[in-house]
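Student: Add chain B to chain D, keeping to what the hints say.
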Amino acid sequence: EAQVTQNPRYLITVTGKKLTVTCSQNMNHEYMSWYRQDPGLGLRQIYYSMNVEVTDKGDVPEGYKVSRKEKRNFPLILESPSPNQTSLYFCASSSRDSNTEAFFGQGTRLTVV
Amino acid sequence: AQSVTQLGSHVSVSEGALVLLRCNYSSSVPPYLFWYVQYPNQGLQLLLKYTTGATLVKGINGFEAEFKKSETSFHLTKPSAHMSDAAEYFCAVSERTYKYIFGTGTRLKVLA
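Line by line, the protein sequences are chains D and B. According to this note's numbering, the first sequence is numbered sequentially starting from 1. According to this note's numbering, the second sequence is numbered sequentially starting from 1001.
Please note that the accuracy of each hint is not assured.
[Claimed, not checked] Mimicking PhoX-like on lysine-lysine, the simulated pairs with C-alpha atoms at most 20 angstroms apart in a straight line are:
id: 1; chain 1: B; residue 1: K1049; chain 2: B; residue 2: K1099
id: 2; chain 1: B; residue 1: K1099; chain 2: D; residue 2: K65
id: 3; chain 1: D; residue 1: K71; chain 2: B; residue 2: K1099
[Unchecked claim] Stretches of chain D that chain B covers, calculated by requiring three or more beta carbons in the stretch to come under 8 angstroms of a beta carbon on chain B:
id: 4; stretch: 48 to 58
id: 5; stretch: 68 to 75
id: 6; stretch: 93 to 100
id: 7; stretch: 105 to 111
Since the hints were made in silico from the structure, they are not lab data. Since we're looking at a predicted model, the values are computed, not measured. Note that beta-carbon positions come from the ideal geometry of N, C-alpha and C, so glycine has one too.
Pulled out of the complex, with its shape left as it was, chain D reads as follows:
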């Protein structure tokens, strides 16, 4: 089954404690992205990757890092989380084919206290 898998689904952490949210896709997609969803703001792109070792900032990259060492994995790293990063995070993957859509993971609800 084609899917994007994120872990963990829920995470509560304290300010300043480094964390990583993992994302893996099994569709051999070139593109992967991270979005955050906040009430009234919809989804906003944090970072994206067009291929292995190729990453770039999205619209709200401050406070986040990513890496793309393997095609299937695209972890999101918060080196020093702050309460304003409390949000619902989604990983997405898509093909280079412009006629296709993005596939989303189930989401990670992060609370920073």
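Tutor: Leaving out everything else, chain B in the frame of chain D:
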């Protein structure tokens, strides 16, 4: 720059009534347009998409949308609402498949 506007953050309809969720976009190039649905505690599921070709697009669960270039709109409709349609709906525009611009979402409530 691309943008998406969804009119109405909350929409309520009676079961069996027409569902109309509005989406307007701006794009400097011919856009690719999408509607996604999000059920509680779940990810985003594609309802339908417009890339090229026929401007009336049919999706899953009886939904459809029409791309109207002159009105820069891509409204989502369903002739008869069902209780299971209660969810949040997102319109999105994309020029490249690695970047989507989402609207702020419309939460649909279906009244018995």
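Student: A separate judgement is required for each hint: does it hold in the structure or not?
Tutor: Here is how each hint holds up against the structure:
1. K1049(B) / K1099(B): holds (15 angstroms)
2. K1099(B) / K65(D): It holds: about 17 angstroms lies between the C-alpha atoms, which stays within 20 angstroms.
3. K71(D) / K1099(B): holds (18 angstroms)
4. 48 to 58: With 4 residues in contact (Cβ-Cβ under 8 angstroms with chain B), the coverage given for the stretch 48 to 58 of chain D holds.
5. 68 to 75: violated (count 0)
6. 93 to 100: holds (count 7)
7. 105 to 111: holds (count 3)
In summary, the structure is inconsistent with hint 5 from the numbered list given earlier, while agreeing with all the others.
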